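**Q** Sequence:
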Amino acid sequence: MNVIWYKVWSDIWDNKARTILAVLSISAGVFAIGAVFGMVDQLITGMDRAHQAVVPSHIFMVLDRGIDETTADRLTKIKGIEDIEVANEVAVRYKTNPDDEWRAARLIMRKDYEDQQYDILQLKEGEWPKKDNFGIERLSSQTFNIDIGDKVTFELDKSDRALPITGKIRHNFVEPPDFGGDAVFFTDAQGLERFNIPEGEYSNLFVRVTPYSAEFAREMATEIKDRLAKEDIGVNFTNYQDPEEHWGRRFVEGINLVLQILAIISLLMSVILVTNTMTALITQQTNQIGMIKAVGGTTGAILKIYLAAVLIYGSLAFIISLPFGAMVAYGISKWFLNLFNIDYEVFQISTRAVIYQAIAATLIPLLAALWPVLTGAAITVREAIASYGLGGDFGSSRLDQGVERLGQRFLSSPYAIALGNLFRRKGRLILTQLVLVGAGTMFLIVMSLSASITYTLNTDMNRRGFDVRIGFQDPQRTDRVETMAHKVPGVDEAETWFTTPAAILKEGQSTQEA
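Mapping the sequence shown onto our numbering, position 139 (from 1) lands on 1044, and the numbers just tick up by one.
Rather than coming from a laboratory, the hints here were simulated on the basis of the structure. Predicted model only: the values in this text are computed from it and were never measured. Glycine residues also receive a C-beta, built at the ideal position from the N, C-alpha and C atoms. Any given hint might turn out to be false.
[Unchecked claim] So the derived label-pair ranges between C-beta atoms look like this:
(1) 1019 with 1080: 37 to 45 Å
(2) 1319 with 1367: 54 to 62 Å
(3) 1275 with 1080: 49 to 57 Å
(4) 1017 with 1349: 22 to 30 Å
(5) 1121 with 1256: 52 to 60 Å
[Unchecked claim] Here are the simulated lysine-lysine pairs, DSS-like style, with alpha carbons at most 30 Å apart:
(6) 1000 with 1056
(7) 1209 with 1198
(8) 1000 with 1036
(9) 1016 with 1056
(10) 921 with 1239
(11) 1029 with 1000
(12) 1198 with 1029
(13) 1016 with 1063
(14) 984 with 1130
(15) 1016 with 1035
(16) 1056 with 1029
(17) 1000 with 1035
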């Protein structure tokens, strides 16, 4: 080991507390970069991959009354329509025990579970629904504690019927029950006949267009509505999906941006601590720098000594933060994706996050250490031996003189000395304040964001002025509905609205849906 590397090793090993502090400081920022950017990559990639796997429809329509397959086949003849798959969904009520209250649920029927085209349902356990054997959505099974083999009682017109659950199914587009979503069950055409929906009648359409674009999908939806309107069939609801991007991306991208900003701020604050550490080291070893130069050491050799130490600090920080960042990124991604009903069981590491961590652990600390190292390396032999390190020129500026006069006039000797020492190294003082200000700013950002989101949601809900909204499959008389609602204990007020889809026309041409 030559002299330079011997000194580097000595500085690192003989000052373990300083080494640990520097390594942990860098690790904090590098960990934040790895965890956040790794999570973002895995989250977005996992969502899009799961979305694409189910072959999402471009257009989903809910009709105001059922149509037969012949009508659906006529719609497929429209130029630009790739194909149409029909299905059904009805609102039902269920309970798992005879003494329980009725609970709302959705009952979904697909024409052929073995040959699905779009928005493909995935069987996770058991068997597909068949006649009296029903399936349950996987999240509903977990949340409402309904398992395969259990019987669920459904409310029917003539008599309630307890039907067995024989399969668990994953649906790509369900509101998580933890966020207020109802239970979701599945049946086939024969099972749906119990709910007064005859076999061969369908009220849901899954549509794909070719070539796909968001604008063209809307044009085709308008054309389908026009064709159905000629047969006196209305469309109650229309939803559009991008086949490449998961519908939940818009909910997480804003959060991801905030987290990425916070991770970068964390890294900057951690490297500021590196600058402070190197400034203190240079100050402590000013005499050693003078001796190195006195025996022929060059500025380049001094730079090599201290920057090598910083590189070792960063390498150790990278080794520490890499596995922890990867594990946290995977854990958060798995938890978040499970909320969206997406399987994510294979441990993965984001290549981009690893690259960012390597840069954050090596290049960024080196850049942060350049200022104190260059300043120390530029000291001459005479200045190094005669001075008290960096900041030895304290007292030469008006600010320094003002601080001295202030301390002498208003403070006792110990406090006056402490005040003078505080301003002796103004660079370190500024960097320390930057860390404190940055930490305070991050805290305010997080708290303000949380308070803002909560306030916005509360304001929006309060503006609506209602606690429960109920939709009907068919129009109902206002007086009848409001009379029934007021008879329910706990209902203070009830109001009825009528909402129907429409199209804005300009000079006879459809311009916008409403």
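**Q** Check the hint pairing residue 1016 with residue 1063 against an upper bound of 30 Å on the C-alpha distance.
**A** Within the cut-off at roughly 25 Å; holds.
**Q** So if I understand the rule, the pair passes when the alpha-carbon distance is 30 Å or less; does residue 984 with residue 1130 pass?
**A** holds (14 Å)
**Q** Taken at face value, is the distance from the CA of residue 1198 to the CA of residue 1209 at most 30 Å?
**A** Within the cut-off at roughly 14 Å; holds.
**Q** Under the criterion that the straight-line Cα-Cα distance not exceed 30 Å, is the pair residue 1029, residue 1000 satisfied?
**A** Satisfied, since the Cα-Cα distance of roughly 23 Å is no more than 30 Å.
**Q** Does the Cβ pair residue 1275, residue 1080 satisfy 49 to 57 Å?
**A** This hint holds: roughly 53 Å between Cβ atoms.
**Q** What's the verdict on residue 1000 and residue 1035, does the C-alpha distance respect the 30 Å limit or exceed it?
**A** holds (20 Å)
**Q** Is the Cα-Cα distance between residue 1016 and residue 1035 30 Å or less?
**A** holds (11 Å)
**Q** Is the gap between the beta carbons of residue 1017 and residue 1349 within 22 to 30 Å?
**A** About 56 Å separates the Cβ atoms of residue 1017 and residue 1349, which means 22 to 30 Å is violated.
**Q** Mind checking the alpha carbons of residue 1198 and residue 1029 for me, to see if they're no more than 30 Å apart?
**A** violated (72 Å)
**Q** With the threshold set at 30 Å, check whether the alpha-carbon distance from residue 1000 to residue 1056 stays at or below it.
**A** holds (9 Å)
**Q** Against the 30 Å threshold, does the CA-CA distance of residue 1056 and residue 1029 hold or violate the hint?
**A** holds (19 Å)
**Q** Verify the proposed pairing of residue 1016 with residue 1056, using a straight-line Cα cut of 30 Å.
**A** holds (23 Å)
In terms of the numbered hints stated before, the structure departs from hints 1, 4, 5, 10, 12, listed from lowest to highest.
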